[in-house]
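Heads up: the protein sequence lines correspond to chains A and B, in order.
Going by my numbering, the first residue of the first sequence is number 2, and it counts up by one from there.
Going by my numbering, the first residue of the second sequence is number -17, and it counts up by one from there.
Mixed in with the good hints, there may be bad ones.
Simulated crosslink set (SDA-like; lysine to any residue; CA at most 20 Å straight-line) [as the list claims (entries may be wrong)]: (1) B/Lys81 <-> A/Gly63; (2) A/Lys58 <-> B/Asn9; (3) A/Lys58 <-> B/Lys81; (4) B/Lys81 <-> A/Gly59; (5) B/Lys19 <-> A/Leu89; (6) B/Lys81 <-> A/Ser52; (7) B/Lys81 <-> A/Glu53; (8) B/Lys19 <-> A/Gly41; (9) B/Lys19 <-> A/Gly43; (10) B/Lys81 <-> A/Arg31; (11) B/Lys19 <-> A/Pro40; (12) B/Lys81 <-> A/Phe61; (13) A/Lys58 <-> B/Gln(-16); (14) B/Lys81 <-> A/Ser25; (15) B/Lys36 <-> B/His58; (16) B/Lys19 <-> A/Gly4; (17) A/Lys58 <-> B/Gly77; (18) A/Lys58 <-> B/Gln(-15).
Just so you know, these hints were derived from the structure itself, not from any lab.
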Amino acid sequence: KAGVTQTPRYLIKTRGQQVTLSCSPISGHRSVSWYQQTPGQGLQFLFEYFSETQRNKGNFPGRFSGRQFSNSRSEMNVSTLELGDSALYLCASSLNAVDNYGYTFGSGTRLTVV
Amino acid sequence: DQQVKQNSPSLSVQEGRISILNCDYTNSMFDYFLWYKKYPAEGPTFLISISSIKDKNEDGRFTVFLNKSAKHLSLHIVPSQPGDSAVYFCAPLEGGGNKLTFGTGTQLKVEL
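The shape of chain A in the complex, shown without the other chains (with noise of 0.2 Å):
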């Protein structure tokens, strides 16, 4: 079966602009979590969203939002881009919150903020 499809792999941005990623998970996975990669703060939970829900966020700038689809197919924004928000940005999807052996991840979008 399909894994989880995060869109675009790559994106340049100017400091300042918004930007937009894409996830998409595997059938019928209801759990959409975010998690960001920097080398400096490691893997952080960004939010996770159950059935077009935010149930969970971590402590981020409100900067950054998303949100999820009927379909769970999920997106996170990130508006007015500093240059400290270049990272890997992950998508993990999950059957549900509590099915604790279904975190899959995607490959990930690498944002580079210039």
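Position chain B against the provided structure of chain A, taking the given hints into account.
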């Protein structure tokens, strides 16, 4: 506040020998622990997990041990293979939680 620490940033092991990766945590609400393997520019891949009601879980060459009183877990890989070279993360979950808290990672290098 780093709730999950992997104190060895890197580890080098010879092929065929045992690799032991350690993880310490501070949050007593964690009750499920996952290990992920990650290559550069790729997403983490699930390896093995353990529930807090167990102290050991084994899957092929991978065994995870949990010492809940010490808030410590370890991943044993035996025998180690060159393809195991990657960054390994422990990632606990709180009870009923939906958020993985990743450790700082250990870069494992298995040499021929």
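Hint-by-hint comparison with the structure:
1. B/Lys81 <-> A/Gly63: OK: lysine 81 of chain B and glycine 63 of chain A at ~19 Å, within 20 Å.
2. A/Lys58 <-> B/Asn9: holds (18 Å)
3. A/Lys58 <-> B/Lys81: Holds. Lysine 58 of chain A to lysine 81 of chain B sits at ~9 Å (cutoff 20 Å).
4. B/Lys81 <-> A/Gly59: holds (9 Å)
5. B/Lys19 <-> A/Leu89: With Cα atoms ~16 Å apart, lysine 19 of chain B and leucine 89 of chain A stay inside 20 Å; holds.
6. B/Lys81 <-> A/Ser52: holds (16 Å)
7. B/Lys81 <-> A/Glu53: Holds. Lysine 81 of chain B to glutamate 53 of chain A sits at ~17 Å (cutoff 20 Å).
8. B/Lys19 <-> A/Gly41: holds (19 Å)
9. B/Lys19 <-> A/Gly43: holds (14 Å)
10. B/Lys81 <-> A/Arg31: holds (15 Å)
11. B/Lys19 <-> A/Pro40: This hinted pair holds, its Cα atoms lying about 16 Å apart.
12. B/Lys81 <-> A/Phe61: holds (14 Å)
13. A/Lys58 <-> B/Gln(-16): holds (17 Å)
14. B/Lys81 <-> A/Ser25: holds (19 Å)
15. B/Lys36 <-> B/His58: Measuring from Cα to Cα gives roughly 16 Å; hence the hint holds.
16. B/Lys19 <-> A/Gly4: holds (17 Å)
17. A/Lys58 <-> B/Gly77: Roughly 16 Å separates the two Cα atoms, so the pair holds.
18. A/Lys58 <-> B/Gln(-15): holds (17 Å)
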